[in-house]
Amino acid sequence: MNSLIYTKKSIAVFLLPALAIYCAIVIVPIFITAYFGLFEYNGMGSMDFIGLDNYKKLFLDDEVFRNGILNSLKLAGASLFIQLPIALVLAMILAKGVRFEKFYRTIYFIPVVISSMVIGQLWLRILNGDYGLLNAILNSLGLEKYAMVWLGDERTAFAGTVVPVVWQYVGYHMLIMYAGIKSIPTDIYEAAKIDGANNIQTAFRITIPLLMPVLKVCVTFALVGSLRAFDFVYIMTGGGPFHASDVPSTIMYTNLFRKGAYGYGSAQAFFIILECLLLSLIIQSLFKKSEDAASAI
Amino acid sequence: MKQLIKKAVCFVLTGAMIFSLTACAKPNTPAAAEQAPAAAEEKITLNVWHQWSNDTNDLRKIYTQAVEKYMAEHSNVVIKTDTLDTEAYKTKINTAFASNSADVDVFYYWGGGKARKLVESGKLLALDDYVKDGTMDKILPGSTTAFTYNGKVYSLPMFSWNMVLYCNKEIFETNSVKIPETYDELLDACKKLSAKGVLPLVVGAKDGWNAAFVYEALALREVGAEKINGYLSGSAKFDDPGYAEAARKLQELTAAGAFGKSTLATSHDEADAAFLAGKAAMRLMGSWFAGAVYTNKDSKVQDKVVAAKIPMSAGNGSATEFKGGFIESFWVNGNTAHKEESAAFCKYINEVMGKAAAENSMGFAGWKGDIDTSKLNPLTLAIADQVKTQTGSVLAWDTSLDEAATVTHLEAVQALFGNKLTPEKFVEAHQ
Numbered sequence: 012m013n014s015l016i017y018t019k020k021s022i023a024v025f026l027l028p029a030l031a032i033y034c035a036i037v038i039v040p041i042f043i044t045a046y047f048g049l050f051e052y053n054g055m056g057s058m059d060f061i062g063l064d065n066y067k068k069l070f071l072d073d074e075v076f077r078n079g080i081l082n083s084l085k086l087a088g089a090s091l092f093i094q095l096p097i098a099l100v101l102a103m104i105l106a107k108g109v110r111f112e113k114f115y116r117t118i119y120f121i122p123v124v125i126s127s128m129v130i131g132q133l134w135l136r137i138l139n140g141d142y143g144l145l146n147a148i149l150n151s152l153g154l155e156k157y158a159m160v161w162l163g164d165e166r167t168a169f170a171g172t173v174v175p176v177v178w179q180y181v182g183y184h185m186l187i188m189y190a191g192i193k194s195i196p197t198d199i200y201e202a203a204k205i206d207g208a209n210n211i212q213t214a215f216r217i218t219i220p221l222l223m224p225v226l227k228v229c230v231t232f233a234l235v236g237s238l239r240a241f242d243f244v245y246i247m248t249g250g251g252p253f254h255a256s257d258v259p260s261t262i263m264y265t266n267l268f269r270k271g272a273y274g275y276g277s278a279q280a281f282f283i284i285l286e287c288l289l290l291s292l293i294i295q296s297l298f299k300k301s302e303d304a305a306s307a308i
Numbered sequence: 033m034k035q036l037i038k039k040a041v042c043f044v045l046t047g048a049m050i051f052s053l054t055a056c057a058k059p060n061t062p063a064a065a066e067q068a069p070a071a072a073e074e075k076i077t078l079n080v081w082h083q084w085s086n087d088t089n090d091l092r093k094i095y096t097q098a099v100e101k102y103m104a105e106h107s108n109v110v111i112k113t114d115t116l117d118t119e120a121y122k123t124k125i126n127t128a129f130a131s132n133s134a135d136v137d138v139f140y141y142w143g144g145g146k147a148r149k150l151v152e153s154g155k156l157l158a159l160d161d162y163v164k165d166g167t168m169d170k171i172l173p174g175s176t177t178a179f180t181y182n183g184k185v186y187s188l189p190m191f192s193w194n195m196v197l198y199c200n201k202e203i204f205e206t207n208s209v210k211i212p213e214t215y216d217e218l219l220d221a222c223k224k225l226s227a228k229g230v231l232p233l234v235v236g237a238k239d240g241w242n243a244a245f246v247y248e249a250l251a252l253r254e255v256g257a258e259k260i261n262g263y264l265s266g267s268a269k270f271d272d273p274g275y276a277e278a279a280r281k282l283q284e285l286t287a288a289g290a291f292g293k294s295t296l297a298t299s300h301d302e303a304d305a306a307f308l309a310g311k312a313a314m315r316l317m318g319s320w321f322a323g324a325v326y327t328n329k330d331s332k333v334q335d336k337v338v339a340a341k342i343p344m345s346a347g348n349g350s351a352t353e354f355k356g357g358f359i360e361s362f363w364v365n366g367n368t369a370h371k372e373e374s375a376a377f378c379k380y381i382n383e384v385m386g387k388a389a390a391e392n393s394m395g396f397a398g399w400k401g402d403i404d405t406s407k408l409n410p411l412t413l414a415i416a417d418q419v420k421t422q423t424g425s426v427l428a429w430d431t432s433l434d435e436a437a438t439v440t441h442l443e444a445v446q447a448l449f450g451n452k453l454t455p456e457k458f459v460e461a462h463q
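In order, the protein sequence lines correspond to chains D and R.
The opening position of the first sequence corresponds to residue 12 in our numbering, with each subsequent residue numbered one higher.
The opening position of the second sequence corresponds to residue 33 in our numbering, with each subsequent residue numbered one higher.
These aren't lab readings, by the way, just hints derived from the structure by calculation.
Cβ coordinates follow ideal geometry from the N, Cα and C atoms, glycine included.
Any given hint could turn out to be false.
[To be verified] Only pairs whose alpha carbons sit at most 27 Å apart, straight line, appear in this in silico DSS-like list of lysine-lysine: (1) R:K124 - D:K270; (2) D:K156 - R:K457; (3) D:K156 - R:K124; (4) D:K68 - R:K336; (5) D:K270 - R:K122; (6) D:K270 - R:K457.
[As the list claims (entries may be wrong)] Per the computed footprint, the stretches of chain R lying under chain D, defined by three or more beta-carbons under 8 Å from a beta-carbon of chain D, are: (7) 124–136; (8) 143–152; (9) 326–333; (10) 447–460.
All chains should be modelled from the sequences, with the hints used to inform the complete structure.
Next comes the structure, spelled out in structure tokens:
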């Protein structure tokens with residue numbers, strides 16, 4: 012008994028430094044951010060306490076931020092319903108063992124390795140209104156009337172930034188799923204085959220249910236990644252034209268670093284953190300049941 | 033015994049962790065500043081920051097030479113320089129001055145609305161006591177406007193810029209269009225060039241400041257420098273009818289196809305490149321762009337560019353008013369341990385860099401005295417010639433207004449470009 016308590020103590024002591032560092036660089040800054048959100052503060056000079064006014068403004072008056080949240084939800088939707096299904100299909104095909112499996116795996120993963128700055132520039136060239144590849148293709152097909160300044164038009168600017176995001180991370184999710192599928196024991200498939208299951212049936216009855224823990228990770232990454240998306244929007248449109256492609260983090264950036272509104276920017280930052288945490292919790296609980304089922308096997 | 037060793041190891045490890053954590057907690061010990069005075073000959077280290085981080089930058093070369101010369105002349109002073117790229121540099125200054133800012137003595141910054149925040153929080157050293165030695169007689173009158181707050185001078189001018197309408201005369205000639213001197217001629221030229229499939233005036237409106245150049249140029253002619261400067265300094269309202277008229281003219285130009293259809297998706301870099309590649313007839317830019325016309329390796333317009341003034345209109349502006357002025361310079365941290373030495377270096381570096389920049393076609397010096405014009409390119413000489421007649425000038429608004437007002441202004445101008453705002457709503461946004 013004594014030795015058990017002793018071990019617990021030493022475990023606690025050894026965990027303490029890690030916990031302390033974690034608190035110091037993750038937990039404490041979150042609360043400091045929330046605290047700064049209560050002030051009107053320009054980064055230097057006096058901090059005026061204004062209570063919850065920043066948060067009130069955030070939820071009630073800020074049309075731009077609301078549109079930003081809407082955009083981030085659209086992006087989350089695109090990740091969830093376009094990116095992940097593509098990744099899953101690719102992963103299943105690759106894991107089944109096609110020719111040049113390694114080659115394709117590398118090809119699909121290449122965009123993940125390239126810096127988003129480079130990919131952003133690449134897509135800027137593709138979507139350019141004057142010499143862009145997309146417009147050139149449309150023109151050569153005789154579809155001139157559909158050619159437009161994709162990133163300069165309010166209707167298409169945000170979609171223009173969503174496409175590269177979806178495209179870049181397909182390979183990333185594919186690789187996680189591919190690894191997950193590879194770790195499913197092959198005897199289950201053999202049993203299914205003996206029972207006469209076809210490919211579609213094995214996919215829906217064996218692969219996907221057993222892949223649930225991995226899918227949960229992918230869904231969490233995709234959704235949280237969408238909510239805090241920043242790089243492509245910043246590089247490709249800067250949030251414009253007229254905030255049409257702004258997402259919460261670019262708006263926060265503008266407030267913090269261009270308008271010098273540190274208090275209000277902090278309130279927005281805190282909201283983004285909360286939003287991400289809340290969503291991860293929801294995903295956790297949604298997947299709980301199917302995950303339990305998967306681990307039971 | 034074993035347990036004892038375990039305990040000892042555990043104790044040492046946690047101790048080490050706690051120590052390293054507390055050591056991290058106070059990073060701002062002013063190490064460099066306090067070492068010096070102990071030395072026998074009292075060497076003083078001045079920490080200087082600027083934003084020319086690229087080795088190929090000409091201003092950086094000039095700066096480095098100037099500092100070497102200064103250290104040779106002042107054996108008791110050691111200059112330690114630190115640089116960062118523009119955006120990162122701004123953030124560095126903000127964070128440094130949000131805390132006690134003990135790491136820097138002299139630093140590069142922008143006057144007008146940018147430095148106002150620093151001045152109002154008492155972060156900068158006023159130089160009035162240090163420039164009584166005749167320094168003020170050496171600088172051009174009116175060149176300290178952007179460095180003066182509440183009657184006190186906080187910095188001295190380095191070099192100025194001026195806005196110019198760069199015109200590719202070859203395009204004008206082949207399309208038999210006249211280089212515009214008035215707004216009506218500009219509108220006419222844009223209509224004609226646009227009809228022939230030539231991009232008339234390339235603007236990188238994706239970058240707010242570049243879009244704002246066009247509006248501010250029009251406003252200068254409609255409203256006049258005095259009233260605009262009043263508005264920018266907060267002493268006059270944004271109520272002159274000329275402001276709305278300038279907005280209307282901007283939209284008239286947009287409708288005439290003056291900026292092409294993709295201007296809102298074009299960055300200022302891309303716009304520069306388009307003009308240098310000979311794809312656009314005009315570019316409204318600062319005098320610093322003159323160098324690129326000759327030295328940029330992709331420039332196809334070396335001998336084809338002429339510098340025109342901002343076209344005139346029937347408004348209140350006068351032809352001798354220009355857009356531009358002195359805005360960049362070196363400042364002294366109010367919290368420095370070496371006020372005297374920092375102020376002396378600040379005076380020195382602003383003067384030397386101002387003159388050197390002027391001799392290398394990068395601007396116009398704010399200091400009296402002979403400037404060697406032999407190395408200047410023809411465009412810069414032409415611009416210098418125009419500026420001689422100057423009676424008044426307005427800085428870029430985004431450097432004069434405070435940060436929040438700047439963002440509002442830039443976004444409103446971009447909205448004008450996209451026909452999202454009527455001139456009336458545009459004026460309202462500024463009030």
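For each hint, the structure was consulted:
1. Between the alpha carbons of K124 of chain R and K270 of chain D the distance comes to roughly 16 Å, so the proposed pair stays at or under 27 Å and holds.
2. Between the alpha carbons of K156 of chain D and K457 of chain R the distance comes to roughly 32 Å, so the proposed pair goes past 27 Å and is violated.
3. A hinted pair counts as satisfied when its Cα atoms are at most 27 Å apart, and K156 of chain D with K124 of chain R does not qualify at roughly 48 Å.
4. A threshold of 27 Å between alpha carbons decides the hint, and for K68 of chain D with K336 of chain R the separation of about 53 Å lies outside it, so the pair is violated.
5. For the hint linking K270 of chain D to K122 of chain R, the alpha-carbon distance of about 13 Å falls within 27 Å, and the restraint holds.
6. Among the hinted pairs, K270 of chain D with K457 of chain R is consistent with the structure: their alpha-carbon atoms are about 21 Å apart, no more than 27 Å.
7. For a cut-off of 8 Å, the count of residues in the segment 124–136 of chain R with a CB near a CB of chain D stands at 3, and the three-residue condition holds.
8. Check result for the segment 143–152 of chain R against chain D: holds, 3 residues qualifying (beta carbon to beta carbon below 8 Å, three or more required).
9. For a cut-off of 8 Å, the count of residues in the segment 326–333 of chain R with a CB near a CB of chain D stands at 0, and the three-residue condition is violated.
10. Check result for the segment 447–460 of chain R against chain D: holds, 3 residues qualifying (beta carbon to beta carbon below 8 Å, three or more required).
Checked against the numbered hints above, the structure violates hints 2, 3, 4 and 9; every other hint is satisfied.
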